[in-house]
Amino acid sequence: MEFFFQNLVNALQWGSFYALIALGYSMVYGILMLFNFAHGDIFMVGAYIGFGVATGLATLASMGAIALPNWVILVLTIIISMFLTSFVGMIVERLGYRPLREAPRASAAITGLMIGIILETGNLALLGARRVRFPSLIESTTYDLGGVFVTNKKIMIVGVSLMLMLALHQFVRRTKYGMAMRAMAFDYVVVPLMGVPINTIAAMTFAIGSALAAAAGILFGVAYPVLDPYMGIVFGWKAFVAAILGGRGSILGATLAGFLLGFIEIFVAMIFPSTLRDLIAYSIILIILTFRPHGFFGEPYSARLRL
Amino acid sequence: MRKGLLFVVSCLVIGLIFSPCAWGKAKTIKVGINAPMTGDIPKVGEGTKFAAQMWLKDINAAGGLQVGGKKYPVELVIEDNESKAESAVKVATKMITEDEVLVIVGPQASKQAIPAGGVANNYGTPMISPWSTNPDTTKDRPFVFRGCFLDPFQGPVLANFIKEEFGYKKAAVLYDVASDYPKGLAEFFKEAWEKVNGAGSVVAYESFTTKDADFSSQLTKIIKSGADVLFTPQYYNEVALIVQQAHELGWKKPIVGSDSWGSAETVELCGKDCYGLFFSTHYASAAAKGATKVFIDRYKKKHGYVPDDVGALTWDSLLIVQEAIQSAGKITGNIEKDRKAVRDALARIKEFDGITGKMTFTEDGDPIKCAVVVKISDKGEYEFYKSVCP
Numbered sequence: 022m023e024f025f026f027q028n029l030v031n032a033l034q035w036g037s038f039y040a041l042i043a044l045g046y047s048m049v050y051g052i053l054m055l056f057n058f059a060h061g062d063i064f065m066v067g068a069y070i071g072f073g074v075a076t077g078l079a080t081l082a083s084m085g086a087i088a089l090p091n092w093v094i095l096v097l098t099i100i101i102s103m104f105l106t107s108f109v110g111m112i113v114e115r116l117g118y119r120p121l122r123e124a125p126r127a128s129a130a131i132t133g134l135m136i137g138i139i140l141e142t143g144n145l146a147l148l149g150a151r152r153v154r155f156p157s158l159i160e161s162t163t164y165d166l167g168g169v170f171v172t173n174k175k176i177m178i179v180g181v182s183l184m185l186m187l188a189l190h191q192f193v194r195r196t197k198y199g200m201a202m203r204a205m206a207f208d209y210v211v212v213p214l215m216g217v218p219i220n221t222i223a224a225m226t227f228a229i230g231s232a233l234a235a236a237a238g239i240l241f242g243v244a245y246p247v248l249d250p251y252m253g254i255v256f257g258w259k260a261f262v263a264a265i266l267g268g269r270g271s272i273l274g275a276t277l278a279g280f281l282l283g284f285i286e287i288f289v290a291m292i293f294p295s296t297l298r299d300l301i302a303y304s305i306i307l308i309i310l311t312f313r314p315h316g317f318f319g320e321p322y323s324a325r326l327r328l
Numbered sequence: 112m113r114k115g116l117l118f119v120v121s122c123l124v125i126g127l128i129f130s131p132c133a134w135g136k137a138k139t140i141k142v143g144i145n146a147p148m149t150g151d152i153p154k155v156g157e158g159t160k161f162a163a164q165m166w167l168k169d170i171n172a173a174g175g176l177q178v179g180g181k182k183y184p185v186e187l188v189i190e191d192n193e194s195k196a197e198s199a200v201k202v203a204t205k206m207i208t209e210d211e212v213l214v215i216v217g218p219q220a221s222k223q224a225i226p227a228g229g230v231a232n233n234y235g236t237p238m239i240s241p242w243s244t245n246p247d248t249t250k251d252r253p254f255v256f257r258g259c260f261l262d263p264f265q266g267p268v269l270a271n272f273i274k275e276e277f278g279y280k281k282a283a284v285l286y287d288v289a290s291d292y293p294k295g296l297a298e299f300f301k302e303a304w305e306k307v308n309g310a311g312s313v314v315a316y317e318s319f320t321t322k323d324a325d326f327s328s329q330l331t332k333i334i335k336s337g338a339d340v341l342f343t344p345q346y347y348n349e350v351a352l353i354v355q356q357a358h359e360l361g362w363k364k365p366i367v368g369s370d371s372w373g374s375a376e377t378v379e380l381c382g383k384d385c386y387g388l389f390f391s392t393h394y395a396s397a398a399a400k401g402a403t404k405v406f407i408d409r410y411k412k413k414h415g416y417v418p419d420d421v422g423a424l425t426w427d428s429l430l431i432v433q434e435a436i437q438s439a440g441k442i443t444g445n446i447e448k449d450r451k452a453v454r455d456a457l458a459r460i461k462e463f464d465g466i467t468g469k470m471t472f473t474e475d476g477d478p479i480k481c482a483v484v485v486k487i488s489d490k491g492e493y494e495f496y497k498s499v500c501p
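The listed protein sequences derive, respectively, from chains F and H. With our numbering, letter number 302 in the first sequence gets 323, and the count goes up by one each step, no holes. With our numbering, letter number 242 in the second sequence gets 353, and the count goes up by one each step, no holes.
A few of these clues could be false.
[Said to hold, decoys possible] DSS-like, lysine-lysine: derived pairs with alpha carbons at most 25 Å apart: (1) K201(H) with K451(H); (2) K174(F) with K281(H); (3) K281(H) with K364(H); (4) K322(H) with K174(F); (5) K451(H) with K363(H); (6) K174(F) with K383(H); (7) K195(H) with K294(H); (8) K335(H) with K174(F); (9) K486(H) with K174(F); (10) K280(H) with K195(H).
[As the list claims (entries may be wrong)] Covered stretches of chain F (chain H as the covering partner; in silico rule of three or more C-beta atoms under 8 Å from a C-beta of chain H): (11) 68 to 76; (12) 176 to 182.
FYI, nobody ran anything at the bench for these hints, they're computed from the structure. Positions of the beta carbon are idealized from the N, C-alpha and C atoms, including for glycine.
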């Protein structure tokens, strides 16, 4: 029984990352009918920006320039990095996607791959190939809850992820901009004719998606403190799978599917030999998609309309 | 008229293409360095490059390499194999066919050294891998050599060490199934451990694939299996993640590693979690003596950190290559003939006293040498703990 709960805790943490990144894919798709394949690399950029901000703040604190406890530094790191990475997202949209908005969707998707490669190799050129260690801002404390080991980091990661998802949900449901986003997702040809500024909404969508990816990057750095320029590729693919599984354009779907993906990966490894983990996990997802080609919450018409 | 002009221009172009090679052939000795400068293990590439540059400096200071009474300048061709098998093959092919190197040093990791060794052997170019411990690298390849011990030796060394040191009976293994070195060594360790402790004494044998960052499900299984010790033959970037996650999941027993742990960056990435752990390696940098100490001091002075086993093995391999070239007789300028001569000279070396210890070479071009078990001290240094000789 402890074995099961231990895996459940592990899966919750692992699923949070997928969910946070899948949200970015899903939102952009919902509004622009575009798969932003550079999103996994924006996650990487977010992690590195977080590394830079955290290292900078920690150095300032150790020199005595600012007197802040480490957890405040971590919160500040998350906020500042989310803000900075949202600009990276907006630049990507402005330079990479906006000129291609009327182009065939395949061209735009290929552009995403290029931008991804540019971000990876740009990082390589800037910082070199060596791994960096994300500063350990919070001491890891392990709690033994009747045989189930939970760390303060795990609690924090799952908590912060859920908070961000809830905030996004409120934003989309309650604000004017959120309403514009939903309208755009409903029909992006007619809605701009009603006076909704498509460029502003598109930039904002990219900014929000990138900010969430940055948060995921920093939380990832806290849990798995070794960063490298290619960390976002496979992770991005898997989160993309989650976005499709949740239903293209669905925020709730992306969140749930992200967690589901984490659960499937962890529990497959729990039952079967770990060598077969991805093979079995992704076969399961293939089967789900065969029976639900639009994902859990995707609407059939939107997929048929524009792809 | 136009045809004539075209002919003249073509001649000039062709002449330009071939002339530098023609000069180079007669005058310089080129040594290829096939190293992972980027990719998963860049620190390994850096150590290789720094050691090779130190060696080149010595050669240049002596005015070149003396072969058959004549001095030849030496040039290094350092290429990045991105820590990928396919790139290592590409690099080896390019060095052999375009750069016309006399001999190749590297690749380091078995994942790259096994395929690149095949290329070198097919082209009849001598290659020495300083750090690849998987048997397949040199197996049935007369042109391929190495500078370190093999995994069929390292596996039992570790199994016996754990048995003698801790007296444990149940072990768990966690390894990367997509990489030749961890996969091979995991198998040799399992075999050796079960020989000592009986069948089924490896109670968990878990794997993952390269670039995975989360090992929680594998580690949870390992903890549940009741193993006394965890063996993980991984590279330095994964070691940091595995060890930390194991501790966070409540693992308090020892974790033992192999020579891939020996990088200068392991402790930097892993931090306090790695203190007190053991691994087997090629040399212990702390408390070294003689030529080893001279090398360490020189390297540290120049680059600011203690060289890891890769640096030391690369140094030894280059000295072996140097001895082979010098005893090859003469450089004829015919690259194929010269390569063959260097290969034969390499095969003639039976004993070599390097900074990583004395080695005796077998028929296959594999050295027999001692392994060292080191303990990561509370200051993060690699302390000599025990030496195990075959």
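Cross-check of the supplied hints:
1. K201(H) with K451(H): Holds, because 22 Å separates the two Cα atoms, which is no more than 25 Å.
2. K174(F) with K281(H): 31 Å, violated
3. K281(H) with K364(H): 12 Å, holds
4. K322(H) with K174(F): Given that 25 Å is the threshold and the Cα spacing comes to 22 Å, the pair holds.
5. K451(H) with K363(H): 54 Å, violated
6. K174(F) with K383(H): 17 Å, holds
7. K195(H) with K294(H): Status holds; Cα separation ~16 Å.
8. K335(H) with K174(F): Judged against 25 Å, a Cα distance of about 22 Å means the pair holds.
9. K486(H) with K174(F): Violated, because 29 Å separates the two Cα atoms, which is more than 25 Å.
10. K280(H) with K195(H): 37 Å, violated
11. 68 to 76: Violated - the stretch 68 to 76 of chain F has 0 residues with a Cβ nearer than 8 Å to chain H, which falls short of three.
12. 176 to 182: violated (count 0)
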